[in-house]
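Participant: The lines below spell out each chain.
Number of protein chains: 2
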Amino acid sequence: MSHLIKSSTSSYIMLNKNILLLSLTISLLGITLGGNVLIWPMEGSHWLNIKILIDELIKKEHNVTVLVASGALFISPTSNSSLIFEIYKVPFGKERIEGVIKDFVLTWMENRPSPSTIWRFYQEIARVIKNFHILSREICDGVLKNQKLMDKLKKSKFDILISDPVFPCGDIVALKLGIPFMYSLRFSPASTVEKHCGKVPFPPSYVPAILSELTDQMSFTDRVRNFISYHLQDYMFDTLWKSWDSYYSEALGRPTTLCEIMGKAEIWLIRTYWDFEFPRPYLPNFEFVGGLHCKPAKPLPKVLWKYKGKKPATLGANTRLYDWIPQNDLLGHPKTKAFITHGGTNGIYEAIYHGVPMVGVPMFADQPDNIAHMKAKGAAVEVNINTMTSEDLLNALRTVINEPSYKENAMRLSKIHHDQPVKPLDRAVFWIEFVMRHKGAKHLRPAAHNLTWFQYHSLDVIGFLLACVATAIFLVTKCCLFSCRKFGKTGKKKKRE
Amino acid sequence: MSHLIKSSTSSYIMLNKNILLLSLTISLLGITLGGNVLIWPMEGSHWLNIKILIDELIKKEHNVTVLVASGALFISPTSNSSLIFEIYKVPFGKERIEGVIKDFVLTWMENRPSPSTIWRFYQEIARVIKNFHILSREICDGVLKNQKLMDKLKKSKFDILISDPVFPCGDIVALKLGIPFMYSLRFSPASTVEKHCGKVPFPPSYVPAILSELTDQMSFTDRVRNFISYHLQDYMFDTLWKSWDSYYSEALGRPTTLCEIMGKAEIWLIRTYWDFEFPRPYLPNFEFVGGLHCKPAKPLPKVLWKYKGKKPATLGANTRLYDWIPQNDLLGHPKTKAFITHGGTNGIYEAIYHGVPMVGVPMFADQPDNIAHMKAKGAAVEVNINTMTSEDLLNALRTVINEPSYKENAMRLSKIHHDQPVKPLDRAVFWIEFVMRHKGAKHLRPAAHNLTWFQYHSLDVIGFLLACVATAIFLVTKCCLFSCRKFGKTGKKKKRE
Numbered sequence: 001m002s003h004l005i006k007s008s009t010s011s012y013i014m015l016n017k018n019i020l021l022l023s024l025t026i027s028l029l030g031i032t033l034g035g036n037v038l039i040w041p042m043e044g045s046h047w048l049n050i051k052i053l054i055d056e057l058i059k060k061e062h063n064v065t066v067l068v069a070s071g072a073l074f075i076s077p078t079s080n081s082s083l084i085f086e087i088y089k090v091p092f093g094k095e096r097i098e099g100v101i102k103d104f105v106l107t108w109m110e111n112r113p114s115p116s117t118i119w120r121f122y123q124e125i126a127r128v129i130k131n132f133h134i135l136s137r138e139i140c141d142g143v144l145k146n147q148k149l150m151d152k153l154k155k156s157k158f159d160i161l162i163s164d165p166v167f168p169c170g171d172i173v174a175l176k177l178g179i180p181f182m183y184s185l186r187f188s189p190a191s192t193v194e195k196h197c198g199k200v201p202f203p204p205s206y207v208p209a210i211l212s213e214l215t216d217q218m219s220f221t222d223r224v225r226n227f228i229s230y231h232l233q234d235y236m237f238d239t240l241w242k243s244w245d246s247y248y249s250e251a252l253g254r255p256t257t258l259c260e261i262m263g264k265a266e267i268w269l270i271r272t273y274w275d276f277e278f279p280r281p282y283l284p285n286f287e288f289v290g291g292l293h294c295k296p297a298k299p300l301p302k303v304l305w306k307y308k309g310k311k312p313a314t315l316g317a318n319t320r321l322y323d324w325i326p327q328n329d330l331l332g333h334p335k336t337k338a339f340i341t342h343g344g345t346n347g348i349y350e351a352i353y354h355g356v357p358m359v360g361v362p363m364f365a366d367q368p369d370n371i372a373h374m375k376a377k378g379a380a381v382e383v384n385i386n387t388m389t390s391e392d393l394l395n396a397l398r399t400v401i402n403e404p405s406y407k408e409n410a411m412r413l414s415k416i417h418h419d420q421p422v423k424p425l426d427r428a429v430f431w432i433e434f435v436m437r438h439k440g441a442k443h444l445r446p447a448a449h450n451l452t453w454f455q456y457h458s459l460d461v462i463g464f465l466l467a468c469v470a471t472a473i474f475l476v477t478k479c480c481l482f483s484c485r486k487f488g489k490t491g492k493k494k495k496r497e
Numbered sequence: 001m002s003h004l005i006k007s008s009t010s011s012y013i014m015l016n017k018n019i020l021l022l023s024l025t026i027s028l029l030g031i032t033l034g035g036n037v038l039i040w041p042m043e044g045s046h047w048l049n050i051k052i053l054i055d056e057l058i059k060k061e062h063n064v065t066v067l068v069a070s071g072a073l074f075i076s077p078t079s080n081s082s083l084i085f086e087i088y089k090v091p092f093g094k095e096r097i098e099g100v101i102k103d104f105v106l107t108w109m110e111n112r113p114s115p116s117t118i119w120r121f122y123q124e125i126a127r128v129i130k131n132f133h134i135l136s137r138e139i140c141d142g143v144l145k146n147q148k149l150m151d152k153l154k155k156s157k158f159d160i161l162i163s164d165p166v167f168p169c170g171d172i173v174a175l176k177l178g179i180p181f182m183y184s185l186r187f188s189p190a191s192t193v194e195k196h197c198g199k200v201p202f203p204p205s206y207v208p209a210i211l212s213e214l215t216d217q218m219s220f221t222d223r224v225r226n227f228i229s230y231h232l233q234d235y236m237f238d239t240l241w242k243s244w245d246s247y248y249s250e251a252l253g254r255p256t257t258l259c260e261i262m263g264k265a266e267i268w269l270i271r272t273y274w275d276f277e278f279p280r281p282y283l284p285n286f287e288f289v290g291g292l293h294c295k296p297a298k299p300l301p302k303v304l305w306k307y308k309g310k311k312p313a314t315l316g317a318n319t320r321l322y323d324w325i326p327q328n329d330l331l332g333h334p335k336t337k338a339f340i341t342h343g344g345t346n347g348i349y350e351a352i353y354h355g356v357p358m359v360g361v362p363m364f365a366d367q368p369d370n371i372a373h374m375k376a377k378g379a380a381v382e383v384n385i386n387t388m389t390s391e392d393l394l395n396a397l398r399t400v401i402n403e404p405s406y407k408e409n410a411m412r413l414s415k416i417h418h419d420q421p422v423k424p425l426d427r428a429v430f431w432i433e434f435v436m437r438h439k440g441a442k443h444l445r446p447a448a449h450n451l452t453w454f455q456y457h458s459l460d461v462i463g464f465l466l467a468c469v470a471t472a473i474f475l476v477t478k479c480c481l482f483s484c485r486k487f488g489k490t491g492k493k494k495k496r497e
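Residue numbers (the numbering used here), protein chains in the order written: chain A, 1 to 497; chain B, 1 to 497.
These are calculated hints, taken from the structure and not from any lab test. A couple of the hints might just be wrong.
Copies of the same chain look alike in the list, so a pair counts if it fits in one copy or across any two.
[Unchecked claim] No more than 16 Å apart at the CA atoms, straight line, and that leaves these computed lysine to aspartate or glutamate pairs for EDC-like:
id, residue 1, residue 2
1, 298, 277
2, 51, 392
3, 145, 329
4, 442, 419
5, 152, 245
6, 295, 55
7, 337, 403
8, 442, 277
9, 154, 234
10, 439, 419
11, 152, 287
12, 478, 250
Could you put together the complete structure from these sequences and hints?
Facilitator: Okay, structure coming up:
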């Protein structure tokens, strides 16, 4: 049934073919020559993670510029020919960010959320988040209101901006510069950003809400808790992040919302994978690159075995103290039996990578959730940092070391992690380069972005169809009644006759 | 905050490390030595597509066995050392399958669905599908009720069964053999199988229903049509596929449903990709491998230019007739300007691969949909096979050849197709080998499979919360009324005093 239309000559143009093959090879090998990348980083462990991406981009001969506030805490600028730290002025020093982070950690640890304390927890944490937002706004002003910097950035002709959107601003900077942007994200509260701005469905019946410490195996009570968790966190997000709508509208010079702008991200790199996460729906512009920072362990050099400070008298002979340890190399050592961790995503991924079972002592943010995931997958035991005794810790350690299932499950997760068609770091870089090559990734963008929330949920269609049914029922009833009356009268008339 | 517990000695066991590295390398290179694969194929173009997978599996040194009914039409058995065609007896010959397929095509072409004829179309097509199901049941009986064959298959110790589930049975054969299975699928009516059995969300607001010829850009009327399409096709699937529930229950010896069994597929290979499909939600165990059969064009040999039969006198000098043409090589010829196609997925993918704009003359099944997709992406023009004149065809051809946007869009789709981290065929084979290596892919299976439909939609949770709210309102109202009465009486008493 298929026919081919050919032009008049059918000779081969070998040169054309070779050029086509070359460009195909370049495209297949994922080569993007000399890209110009702008980074909107976050503090702490977020910076450690995106630093790996930056190093890989530089290795692939891209030029990378990192926007750093003058009051940054962890980000230590060391520019060279292909890595530039563009430092902009903000009206505060390191101690301000340090103070807010400390407040955040301590508030969380003192008010760890549980069903009975949830409302108090949200109230306390809302106070800290408000402080974070005041800080973020000053950071954002530091770039957007610095016309000289913006002009310089515009002149640099960046191909892409990569933002860690745990707090806003990277996206609006990209929009003002007229360049595509993408995200590197662990999660947002209630997954609100992924759900409402990114349009990913999160069925509350089997996808545990962030911070709920629930798994994908939920009882009825769990599902009620999960359902409420989503709505509580959605509410929190709506109220606390709401003020960014007017900030973004002002910056853009037209009415907009934070969510509308965030929805313009070309690709969302999510810092987990199915070794860690419970399977759930997602969209083609979401890429799960958890563990992109992991690498094989290097041999441990002897000089490593140093420590600082006085050794406590009660310390056992088989415990050593170190001022700093190369965590990845130690986790990859064949004699490593277990990993006591606070449950940060970076550390957990190193343990998964090397197949080491864990004892989790979570403290704040996603850490309790992360340990809940590892417990559910049978690779960890948890101890409560607020109530634990040395006995508890010892028992937990004995359990993960002596019960073979923990090592087996850790090895199973490790096998899943290593058995992917493309390594997480390579996939992350591929999609960054893809966006640079194609000036976006519009073919992966769902049309849901063009719909209002009631259109998205087909509420207008359902309403219309219900109205049609109601009208039909009404008309049929009216007709019946009319007929009954008419035939009733005729009947009566006939009777009388 | 992280500590490491090490065992007493810290020396390296280099041998262990090397073995680990070797197994890691094997796992990273995706090597599965000597897998044993069972294929449950379908007829026609479906067979052409899965044949590519079979060839690749054999190239990777797996042994492949294809289950073929004695009355098969297109599948031509040619066994060798690593490819075995296991032929089983069915009580019909080629002409029966040929008859049903012809009936299917003609019925579709005579009753092409449109909003005004939709009900008649479904009635007519239901009749044909019933005939298909009678045939499928006889095919299924041919395997499941052939104890000698089942024993032989069991003894062969297959690692995996790959099924094209356009009609049922492959999955239940795998279950009876106790081996994992996966699907290669283009679509099911109303995506019912993917949605209800595979648990993929299909928001009717922006994901066009199969066979609707709609795109992801829908007006209100379109969305009403789309919403009704899903429900009509769901109803059709429910009524026509329902009878398999009892067949599967009987075969398995316990009450079950077709959907429950289909939901057990480890991986769903979907024969499209985002160059062709509109972005929509999916799950981690879905892999989009559209165009896995495409390959670079080979030079056209001179002996090719043969044709059979009498040349019509009206044929222009620039049109040639051939009995058979190597479509892929011609589409890849640099002088090819356009492709007149019936719109089968295989052919469209060859056009996308080589960046050739299309004139679509769709006939049945997914063909009108496929052309609607290509039209929406600006790479095709459609002509109606029932009403077209030679003028129409000529105009359509002139449009796609002379308006540069068609070639540009075809090239854009081609670039998207070629610019993937891993080629579709390699991804398909990777996941087949993954399931063999890990005896399944349970880490990708969403927990939604453990829920009933009302649990999945959180209807029990919503009901419970509404009941709580209603009770609270009732109690508060009662209290208020009680207080009013009481204080009212006290007031009256006071007044009297």
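Participant: It remains to establish, for every hint, whether it holds in the given structure.
Facilitator: Here is how each hint holds up against the structure:
no. : hint      : verdict
1   : 298 x 277 : neither (28 Å within a copy, 44 Å between copies)
2   : 51 x 392  : neither (36 Å within a copy, 58 Å between copies)
3   : 145 x 329 : neither (44 Å within a copy, 57 Å between copies)
4   : 442 x 419 : between (29 Å within a copy, 14 Å between copies)
5   : 152 x 245 : neither (26 Å within a copy, 67 Å between copies)
6   : 295 x 55  : within (13 Å within a copy, 35 Å between copies)
7   : 337 x 403 : within (12 Å within a copy, 67 Å between copies)
8   : 442 x 277 : between (27 Å within a copy, 13 Å between copies)
9   : 154 x 234 : neither (36 Å within a copy, 52 Å between copies)
10  : 439 x 419 : between (31 Å within a copy, 13 Å between copies)
11  : 152 x 287 : neither (32 Å within a copy, 43 Å between copies)
12  : 478 x 250 : neither (56 Å within a copy, 50 Å between copies)
Hint compliance for this structure: hints 1, 2, 3, 5, 9, 11 and 12 are not met, and every other hint is.
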